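A.B. asks: Chains as they are written, first to last, in this note's numbering: chain A, 332 to 593; chain B, 332 to 593; chain C, 332 to 593; chain D, 332 to 593.
Please keep in mind that the hints were generated in silico from the structure rather than gathered at the bench. Among the hints, a few may not be true.
Simulated DEER-style distance windows between Cβ atoms [what the hints assert, rightly or not]: (1) A:Tyr453 / D:Gly544: 19 to 25 Å; (2) A:Tyr453 / B:Ser471: 43 to 49 Å; (3) B:Gln475 / A:Val583: 36 to 42 Å.
Being a predicted model, the structure only gives us computed values, none of them experimental. All residues carry an ideal CB built from backbone N, CA and C; glycine is no exception.
There are 4 protein chains.
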Amino acid sequence: MDVNLQIRLKATLELDSPAVTTLQVEAQEIAGAQHIESSSLTIEPCAESALFVDVYGNPCRRLRLDAGEVFVEYAANVAIPYARVPHIHAIETDVMNLPPEVLHYLMPSRYCPSDRMSNLAYAEFGATAPGFARVHAICSWINQNIIYTCGGSTTSTTAFDTVGERIGVCRDFAHLGVALCRAMNIPARYVSGYCLEIEPPDLHAFFQAYVDGRWVSFDATAVQERPALITIATGRDAVDCAWCSFFGTGRVKELAVEVTEG
Amino acid sequence: MDVNLQIRLKATLELDSPAVTTLQVEAQEIAGAQHIESSSLTIEPCAESALFVDVYGNPCRRLRLDAGEVFVEYAANVAIPYARVPHIHAIETDVMNLPPEVLHYLMPSRYCPSDRMSNLAYAEFGATAPGFARVHAICSWINQNIIYTCGGSTTSTTAFDTVGERIGVCRDFAHLGVALCRAMNIPARYVSGYCLEIEPPDLHAFFQAYVDGRWVSFDATAVQERPALITIATGRDAVDCAWCSFFGTGRVKELAVEVTEG
Amino acid sequence: MDVNLQIRLKATLELDSPAVTTLQVEAQEIAGAQHIESSSLTIEPCAESALFVDVYGNPCRRLRLDAGEVFVEYAANVAIPYARVPHIHAIETDVMNLPPEVLHYLMPSRYCPSDRMSNLAYAEFGATAPGFARVHAICSWINQNIIYTCGGSTTSTTAFDTVGERIGVCRDFAHLGVALCRAMNIPARYVSGYCLEIEPPDLHAFFQAYVDGRWVSFDATAVQERPALITIATGRDAVDCAWCSFFGTGRVKELAVEVTEG
Amino acid sequence: MDVNLQIRLKATLELDSPAVTTLQVEAQEIAGAQHIESSSLTIEPCAESALFVDVYGNPCRRLRLDAGEVFVEYAANVAIPYARVPHIHAIETDVMNLPPEVLHYLMPSRYCPSDRMSNLAYAEFGATAPGFARVHAICSWINQNIIYTCGGSTTSTTAFDTVGERIGVCRDFAHLGVALCRAMNIPARYVSGYCLEIEPPDLHAFFQAYVDGRWVSFDATAVQERPALITIATGRDAVDCAWCSFFGTGRVKELAVEVTEG
């Protein structure tokens, strides 16, 4: 482990009435990929808190919060390998040989209606060799064709919308990557996380495609490989990886994220 | 176990080239709810077949099929209790106390964009007591407001579309039930299955809501409780429960379903 | 003419490069309905300005604006009758007898996809007597079922979206009224204008239905009849009545509207 | 006038109850472009029929039809010039100089939501010279990227859907051409009509862009210029040019179209 990252997230939530809220802000421990050297999470005030593991294997926190303001602060030191193992020769795994739990990631989801996008996907990427090269071609296409701008998409925007509107943020770039992969029978999942050098600083989103027997990370928001991608949660799309979900009437008043190296 | 049902499904698939195909047509063994007394499944010809369990716990078959026509025949005798246990007094389970794997069913999905439907749901059903009564009110509303007609919806139709278009088949009725429940923080899932007295005879779809600590079945296509609902698979929506999915170029040429009692 | 209204609109536009811009902010002279006693319009700076009449008969201004900020100021004194003629007994006009130019307003448009909404319309309003009563029932339904809130809709929101999302502003209320009328073969058009007592003060939108041989105004945003509705432009939907359209890259930086009586 | 075309259309309509119906099947007389040498139209039985001109200048028939089957037969001999005047050097008309009635065709409509497609349009065609060349580039892109197949789109499909789904029929090709032009401030309108060599024989749809002071026809369904395009009606999109619209409950049971030369 060669690179050390300091993550700091501060948020203020506001609830109109008591409500259960789930929180996914903590970087996962992933053997060989990211090691949490130290971390702290403060939720103030918090009536009740319980850690659980969701169906995708992500640790997740369920909180019972009272009405009013709630302050969340998360800090962590995370070590990651100096360089990610390159997978440029990774070949596509035959659907027949995919692990059963991976088949799930071939299907359309709320923000990734891949069932409507197969003509587009095969026309644009059908001539590229299956495997890493094809997913890489998908990322390049997204990077060249979608304008990265805040405010050009909403929380209802799907990957299908992004194909036509050609504008979005990291979340939309990840959804489009996922949808185009699935449209070509490549398992793909959404990843919420942290990243160095995001401008403006914020939580980040990217995606993973399952090639050659493993989940490989891709980030269509950057031409060059991102220097450091930290995983919080993985799932079908942003629905499964929201950093904060209110089951009641609440909103995020403030959110500040800082990722530094050293 | 008092009622005996005979299920018979015959289908012809047509593949342009060899393709992996998943099949979910077999009724599940569910302790206390449905018992498979005998069953047979023939897939002819089939290069390779493997049974697996999907992330939702459904048994599912993955097949490697060659190009050309493939004949599928499934027959089963299923015993179910004479009467389903009534749950009319079932109360809503607090989100804080839901089993972790059930939280999953609170989120929007491909065909159930519940995130866009909370104003509608609370306006129509917010005054009804939470729990069984509220889900029952949702079913009554769907039954009264949506026209049951083949050909009025497509495989792209979402529950949001159905709210405006007011037309659909069992699949759309189930999606709308699921979406309205989730919009009110009631876990809900889609169920594919078989049912007596479906006209014209076909596979059926209904939904389950999680109330008072258990999954309870609801079928908005009928005013009276359906006499017999047999479960094949459960999932977020139709995406997870398709009876036949081709990972390649294939189509269903013929499908005949027959369910009889005795 | 008994009521006198003072209208004052001030706006700042900002253009990145020279662009043609159309402006529809001036109240129309409509015999018997609204009389412009005096008015002034200043556009500063303005390279070129030309008045034209659009296909719907609305006066409209086409401007050639240079890059930079442009200030628009419109002021008018408008006299309207003390009370609008009531049309509560207005009957529906047979489609066969509609003036040819009115047939146009039976068809779906960008924001009013009435072709998808006929099941809903006939189910909700089919039992109400055709004519004024039916349009009035449509307005009451909208008023009761749609939440009036800024920020709950976007410039892409259609009447179909509003049926499901149940939230919007005057523009969305008008679109929904128009769409539901057309879905029942009642000609309906969108009206942009001014109104007393709008909170916060802004341009207003309402709609007109063609009953008993004339266009009658309806405003679903209010339970009680609005005291004064001034027409700027009429058309199929907001597309035809935008107060400001840039054919180039521009935006509205500020807009202030004031309508007073006296 | 050098080319002579024989058009023959036969249709059977079916009405559940008496209903007003509009019909647009007759080729227009257009000076210098198409001359109707002879024509006949039979509607049997027809209670009442009246010719009117719609807001776009198209002749259109309004019929009062009784319940039951109605037979429509149209036959015409149309002469068109041997070759259409080429407009390959046509330049774009400045929006400031467009005739007022043409401005209308810059705005989005039911099937052509051009407001959502400007990023795409400028990215793909912004580098092409404005005028004929740009519209031609739009047609080439559509022809190369959209699969022409019956059954891949529905009557609800918009140009925005077609961008993502990449499949459609002549109607969808025309909508997409119109939408992309408008997204770049080029006036464009939909044309319904007849054409030689359509396979299978049917009514046809294409579009016109306003360049260099005139409406020029484009047909994205063909790489080579179509040998003969006959105009029935022009309008914002298919909504304005439907060959048959029922204001009541009716449907088309049969439609056969034949266009021959000689």
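A.B. asks: Which of the listed hints are broken here?
C.D. replies: As far as the earlier hints go, only 1 is violated by this structure.
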